[in-house]
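Peer 1: Construct all of the structure, not just a fragment, from the sequences and the given hints.
There are 2 protein chains.
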Amino acid sequence: MKIALDAMGGDYAPQAAVAGALLAAEQLAGRASIVLIGQADAVQPLLQAAGPAAAALEFVPASQVIDMGEHPAKAFQQKQDSSIAVGYRMLHAGEVDAFCSAGNTGAMLVGAMFTVKPVAGVMRPAIANFLPKLNSEFGILLDVGANAECKPEMLEQFAELGSLYAQYVLGIAQPKVGLMNLGEEEGKGTPNTQAAYQLLKVNPHVNFVGNLEGRDLFDDKADVIVCDGFTGNVILKMAESIYDIMNHKGMMDPFIAKFNYEAVGGSPILGINDNAIIGHGSSTPLAICNMLVQGFQMADSGIVDQIKATFKS
Amino acid sequence: MKIALDAMGGDYAPQAAVAGALLAAEQLAGRASIVLIGQADAVQPLLQAAGPAAAALEFVPASQVIDMGEHPAKAFQQKQDSSIAVGYRMLHAGEVDAFCSAGNTGAMLVGAMFTVKPVAGVMRPAIANFLPKLNSEFGILLDVGANAECKPEMLEQFAELGSLYAQYVLGIAQPKVGLMNLGEEEGKGTPNTQAAYQLLKVNPHVNFVGNLEGRDLFDDKADVIVCDGFTGNVILKMAESIYDIMNHKGMMDPFIAKFNYEAVGGSPILGINDNAIIGHGSSTPLAICNMLVQGFQMADSGIVDQIKATFKS
Numbered sequence: 022m023k024i025a026l027d028a029m030g031g032d033y034a035p036q037a038a039v040a041g042a043l044l045a046a047e048q049l050a051g052r053a054s055i056v057l058i059g060q061a062d063a064v065q066p067l068l069q070a071a072g073p074a075a076a077a078l079e080f081v082p083a084s085q086v087i088d089m090g091e092h093p094a095k096a097f098q099q100k101q102d103s104s105i106a107v108g109y110r111m112l113h114a115g116e117v118d119a120f121c122s123a124g125n126t127g128a129m130l131v132g133a134m135f136t137v138k139p140v141a142g143v144m145r146p147a148i149a150n151f152l153p154k155l156n157s158e159f160g161i162l163l164d165v166g167a168n169a170e171c172k173p174e175m176l177e178q179f180a181e182l183g184s185l186y187a188q189y190v191l192g193i194a195q196p197k198v199g200l201m202n203l204g205e206e207e208g209k210g211t212p213n214t215q216a217a218y219q220l221l222k223v224n225p226h227v228n229f230v231g232n233l234e235g236r237d238l239f240d241d242k243a244d245v246i247v248c249d250g251f252t253g254n255v256i257l258k259m260a261e262s263i264y265d266i267m268n269h270k271g272m273m274d275p276f277i278a279k280f281n282y283e284a285v286g287g288s289p290i291l292g293i294n295d296n297a298i299i300g301h302g303s304s305t306p307l308a309i310c311n312m313l314v315q316g317f318q319m320a321d322s323g324i325v326d327q328i329k330a331t332f333k334s
Numbered sequence: 022m023k024i025a026l027d028a029m030g031g032d033y034a035p036q037a038a039v040a041g042a043l044l045a046a047e048q049l050a051g052r053a054s055i056v057l058i059g060q061a062d063a064v065q066p067l068l069q070a071a072g073p074a075a076a077a078l079e080f081v082p083a084s085q086v087i088d089m090g091e092h093p094a095k096a097f098q099q100k101q102d103s104s105i106a107v108g109y110r111m112l113h114a115g116e117v118d119a120f121c122s123a124g125n126t127g128a129m130l131v132g133a134m135f136t137v138k139p140v141a142g143v144m145r146p147a148i149a150n151f152l153p154k155l156n157s158e159f160g161i162l163l164d165v166g167a168n169a170e171c172k173p174e175m176l177e178q179f180a181e182l183g184s185l186y187a188q189y190v191l192g193i194a195q196p197k198v199g200l201m202n203l204g205e206e207e208g209k210g211t212p213n214t215q216a217a218y219q220l221l222k223v224n225p226h227v228n229f230v231g232n233l234e235g236r237d238l239f240d241d242k243a244d245v246i247v248c249d250g251f252t253g254n255v256i257l258k259m260a261e262s263i264y265d266i267m268n269h270k271g272m273m274d275p276f277i278a279k280f281n282y283e284a285v286g287g288s289p290i291l292g293i294n295d296n297a298i299i300g301h302g303s304s305t306p307l308a309i310c311n312m313l314v315q316g317f318q319m320a321d322s323g324i325v326d327q328i329k330a331t332f333k334s
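Residue numbers (the working numbering), protein chains in the order written: chain G, 22 to 334; chain D, 22 to 334.
These are computed hints drawn from the structure, not numbers from a lab.
Hints may contain errors.
Same chains, same names: a pair is fine if it fits in one copy or spans any two.
[What the hints assert, rightly or not] Straight-line Cα separation of at most 25 Å, BS3-like style, residue types lysine-lysine; simulated pairs: (1) K154 x K242; (2) K222 x K333; (3) K209 x K329; (4) K329 x K154.
Peer 2: Here it is as structure tokens:
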């Protein structure tokens with residue numbers, strides 16, 4: 022199996038990318054190899070400096086880079102030899118099994134939509150993220166930013182996508198799905214969440230447990246938490262700031278430590294025909310390594326085939 | 022000055038209400054007196070048990086109680102002698118200067134809308150809450166639940182209402198106002214937040230600092246954070262759960278301690294013709310006391326007159 026990494030993506034690229042790829046190659050030895058995609062001038066000196074360990078990494082040149090501040094769609098179209106465009110082409114051609122990047126999030130989404138494309142039947146793919154749980158490992162939160170506004174049918178599909186990820190990648194049997202809302206009672210919320218509630222209540226693919234409130238993010242009520250990308254993005258970034266504050270204060274314990282994005286890997290794009298993961302902009306080597314391991318786990322689980330099968334029906 | 026309290030509101034009423042009223046009467050002695058509204062059978066034995074301290078409290082009987090689970094509008098209309106209905110009638114008649122209740126939030130909102138009514142020019146009143154700040158005392162977040170969906174013009178008005186509260190009640194000169202969004206750049210977000218951004222940019226009553234992300238809630242970027250009631254409610258309840266978790270773990274410091282709702286008082290309803298505050302359902306005597314002190318501060322500040330003056334123009 023081959024897991025590709027955008028060597029030019031992220032605030033500390035290419036150094037952190039190469040260092041993270043080396044860590045992952047060691048962890049995944051015998052199960053998957055890592056393919057680094059990037060500018061030869063930037064990456065090859067780092068590989069030479071790494072010595073014999075670099076032999077485990079495959080290098081694929083890409084002459085261009087999409088910067089963090091660039092307009093996603095424009096940059097993706099114009100820079101066809103960028104590391105992100107080359108990564109998606111290899112993914113789509115089946116030359117690699119997953120593609121990971123800590124680069125421009127918008128360009129990663131554009132590439133997903135235009136190269137590997139949404140699974141037939143999926144209205145809009147979602148970006149998922151992970152929530153530390155007090156009494157278990159992690160829950161899934163989606164969408165966290167791909168779709169600021171969501172129709173009820175989109176929220177319903179996110180519930181299905183999140184359930185499949187929880188089941189096949191995280192190994193949670195019959196994952197409980199909750200709908201983020203401003204009150205527990207049926208009938209609470211916006212017209213969209215009210216309608217989504219009615220769809221989820223009767224959806225046979227989803228173990229729906231009802232509405233959740235902001236206080237239920239870390240408890241046992243649900244393994245999969247569904248919301249629009251606006252709400253999910255606010256939750257995700259608020260959680261990150263809580264971690265930063267606690268870390269700065271030196272107030273750390275195993276639960277708080279799970280808020281550290283470095284520990285979780287990246288944010289998978291769910292509902293597309295291949296395995297793509299978006300990493301945090303300020304990814305460290307550890308974060309890059311965990312994102313690549315997560316890419317392997319996704320590919321190994323066959324999650325995309327499960328999604329295709331579910332949405333075919 | 023007279024500050025009224027719904028003696029029947031909250032999970033621990035009437036005991037916590039009476040105990041909180043006694044604490045507040047002591048703190049506000051010489052500046053304001055407390056008026057307790059509730060069922061004589063329930064409240065008077067508690068006043069007798071309190072001994073001479075109870076002499077500072079005025080008691081007004083109300084034969085009915087609106088329970089936490091009741092339908093707000095229906096209950097408010099049918100129970101005209103409930104403590105909430107009596108409280109709002111006294112507030113509207115000018116017999117008290119503020120009315121506070123830890124009871125049914127929806128009924129408190131209904132009473133605000135139908136008895137004291139929105140200020141002329143205010144489209145929809147908002148419920149405000151307080152965010153602990155790392156480098157200052159508190160910021161204001163609104164709306165936190167009165168309006169699940171908000172038109173751009175409503176978000177603009179929340180910015181004005183929050184600015185006035187920050188200025189006149191919290192004493193923050195030229196409060197900075199931020200718009201909660203999923204990215205910092207102008208143009209990010211939903212059609213509603215995009216349009217609200219354009220309105221706020223040119224609003225002369227507001228010191229607008231632009232979009233905020235979930236990670237900016239506790240930093241210095243803004244004193245007033247504007248969002249729809251869905252997002253605000255999720256943020257508020259997530260913050261409460263963070264406090265509960267930290268408290269349970271014994272991980273406490275002065276910043277985390279400010280997340281405790283007991284320390285802040287309640288949630289003022291802004292944009293109505295009088296001072297009304299909604300308390301947390303599980304209010305302790307300390308929370309009740311701080312809500313009453315906050316009611317005094319609101320009345321003392323003349324915030325409602327400032328709001329009326331701003332929205333008249």
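Peer 1: When no copy is named, should K222 and K333 be tagged within, between, both, or neither for a Cα gap of at most 25 Å?
Peer 2: Result: close within a single copy only, 21 Å intra versus 47 Å inter.
Peer 1: Is it within a copy, between copies, both, or neither that the alpha carbon of K329 lies no farther than 25 Å from that of K154?
Peer 2: This pair counts as neither: shortest intra-copy Cα distance 29 Å, inter-copy 46 Å.
Peer 1: Given a CA cutoff of 25 Å, do K209 and K329 count as a within-copy pair, a between-copy pair, both, or neither?
Peer 2: Answer is neither: 32 Å inside a copy and 31 Å across each miss the 25 Å cutoff.
Peer 1: When no copy is named, should K154 and K242 be tagged within, between, both, or neither for a Cα gap of at most 25 Å?
Peer 2: within (10 Å within a copy, 30 Å between copies)
Violated hints for the displayed structure, listed by number in ascending order: 3, 4.
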